[in-house]
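Novice: Chain Z is already provided as a structure; the job is to place chain L on it using the hints.
Chains Z and L, in that order, give the protein sequences. Counting with UniProt numbering, you get residues 1 to 288 for the letters of the first sequence. Counting with UniProt numbering, you get residues 1 to 236 for the letters of the second sequence.
No wet-lab data here; the hints were simulated from the structure. Even glycine gets a Cβ: it sits at the ideal position worked out from N, Cα and C. Keep in mind that the hints are not guaranteed to be accurate.
Label-pair ranges, simulated between beta-carbon atoms [to be verified]: (1) A180(L) / L168(Z): 33 to 41 Å; (2) D12(L) / R141(Z): 56 to 64 Å; (3) P74(L) / S22(Z): 51 to 59 Å; (4) P74(L) / R141(Z): 50 to 58 Å; (5) G190(L) / S172(Z): 53 to 61 Å.
What the simulated footprint calls covered on chain L by chain Z, stretch by stretch (three residues with Cβ under 8 Å from a Cβ of chain Z suffice, anywhere in the stretch; the number is not a length) [said to hold, decoys possible]: (6) 5-13; (7) 47-55.
Residues of chain Z placed beyond 12 Å of chain L at every Cβ, according to the derived structure [stated by the list, open to error]: (8) A105; (9) A108; (10) S165; (11) R173; (12) S185.
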Amino acid sequence: MAEPAWRSPGDTRRSTRAVRVSVSAVIVAAVVLAVLLVPPLVRLDQQAVDLALKLRPPSPAHPFGTDDVGRDLLLRCVYGLRVSLLVGLVAALVATVIGTAVGAAAAAFGGWADRLLMRLVDTFSSVPHLLLGIFVVAMFRPGVWPVIVSVALTHWLSTARIVRSEVLSLRSRPYVDAAIAGGASRWRVTVRHLLPAVLPQAGLAAVLMVPHAMWHESALSFLGLGLPAHQASLGNLVQTARGSLLAGDWWPTLFPGLFLIVPTLAIAGLAGAWRERLNPRRRSELML
Amino acid sequence: MLELASLTAGYDRRDPVFRDVSLTIAPGEAVGLLGPSGCGKSTLARVATLLHRPDAGRVTVDGHPVRGWRHRAPRELRTAIGVVFQQPRLSADPRLRLRDLIAEPLRATGRRAEAAGRVAELAHRVGLTDDLLSRRPHEVSDGQLQRACLARALVLRPRWLVCDEMTAMLDASTTAALVAAVEEYRREHGAGLLAVGHDRVLLDRWCDRTVHWASLTGAPAPAPAAEADATAGAGV
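Isolated chain Z, as found in the complex (with noise of 0.2 Å):
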């Protein structure tokens, strides 16, 4: 026999992984693409109203089928994905840059200054963040923007304990106390040398950061909060399918939910696989 007739559980897990990290970025390279070439090439208005088409159900014309004001489910979901991910993109990003900040700064400095920056995060992170959020939307206008700043706004603690964390240890290594001979002060050996070692961490929380973000867009639009009801974005859309699936009209609720899931869960798999390379000795979970 030319094969061994067993496989180790490793040569399985290493085989299934390869297979969901390749799975994942197929499905996130087709949304990436989708998100920016259809509304450029494909010149069809998402919001055209047409009301002798409302609840039609999937059809080669209508791929998603149509919504309760006749617009093209597909095109809606795309522009609504194109939406949710922007959203979830800037805010991941202003998130980890707020904690990587504040993190940093706590580790580096230390003493009342770190007893103040955590204190600062224990109080954010005592209030449910969803509950936080809506507080950050309900003062501005219905918007893009503040979605972000709400999103942003409530997402920074985890990085900022990890990246904290992370500073702390590298602090007592030799090469900052080298630093420290050589006279560098405490801002370049912040920046010089402590930054660049948690940038990949930071990054990788950024990344596991954006599905999260994704799916508090989302809720923060099922509840009305987050976006204008005309704009279309995941939340959206599954909000103005309730009614109807209620009276047995499935497809305005299935294809915005699919829409919202498996994005996330392919840029959540990519993340995964980066942490284990990251970190090999941590077994890969989906953090959403």
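Specialist: The following block gives chain L in isolation, referenced to the frame of chain Z:
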């Protein structure tokens, strides 16, 4: 003068690593400090390089009493003392090429302009080729990395040099090259040296005087064990 006067230091105030240790090094003098592992030599080296605050005692560098430690020590005092640690892997930032590693203290102190010239001069002095200078720490051997760490310690022309087990992990020829580079620097600049180690033969040949850790503390020396350790180190 580098004066370490009745120092008590450690990582737990209730249980310091050592108590009441004193050592004075005259300008230009080379002092070897021998001791068994775990006795506190490295902690003393960290205090002497202003990297670890002692619980009690005084450190005076060229007449300036030290009042702050680590970042709180004035930059002039910190840079007056060059330091080389035992493990080059841990004391080199893994992201910096050796060239940048050596030049880093110049950049950190705003003397960027001198970097290229000084790096070339020191690389020659410690025996690093141009090819090695453009590699990162994981692409060179321990010995090559330790050469770069020594060059980094010398780049600001310190008046004092503290070598904490600098050659403990290295082979004989690298040890000889590093010691020769230190001695050449000391001849030119009249720098004082504190060489910490457990290799009696090396320290005896290298330094003007060799002191045993037990003689610094005033505590009764655990003579036989320490002696065995020292000879074991010398035999290798």
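Novice: Next step is simple, just say for each hint if it's right about the structure.
Specialist: Consistency of the hints with the structure:
no.: 1; hint: A180(L) / L168(Z): 33 to 41 Å; verdict: holds (39 Å)
no.: 2; hint: D12(L) / R141(Z): 56 to 64 Å; verdict: holds (57 Å)
no.: 3; hint: P74(L) / S22(Z): 51 to 59 Å; verdict: holds (57 Å)
no.: 4; hint: P74(L) / R141(Z): 50 to 58 Å; verdict: holds (54 Å)
no.: 5; hint: G190(L) / S172(Z): 53 to 61 Å; verdict: violated (34 Å)
no.: 6; hint: 5-13; verdict: violated (count 0)
no.: 7; hint: 47-55; verdict: holds (count 3)
no.: 8; hint: A105; verdict: holds (14 Å)
no.: 9; hint: A108; verdict: violated (10 Å)
no.: 10; hint: S165; verdict: holds (19 Å)
no.: 11; hint: R173; verdict: violated (6 Å)
no.: 12; hint: S185; verdict: violated (7 Å)
In terms of the numbered hints stated before, the structure departs from hints 5, 6, 9, 11, 12, listed from lowest to highest.
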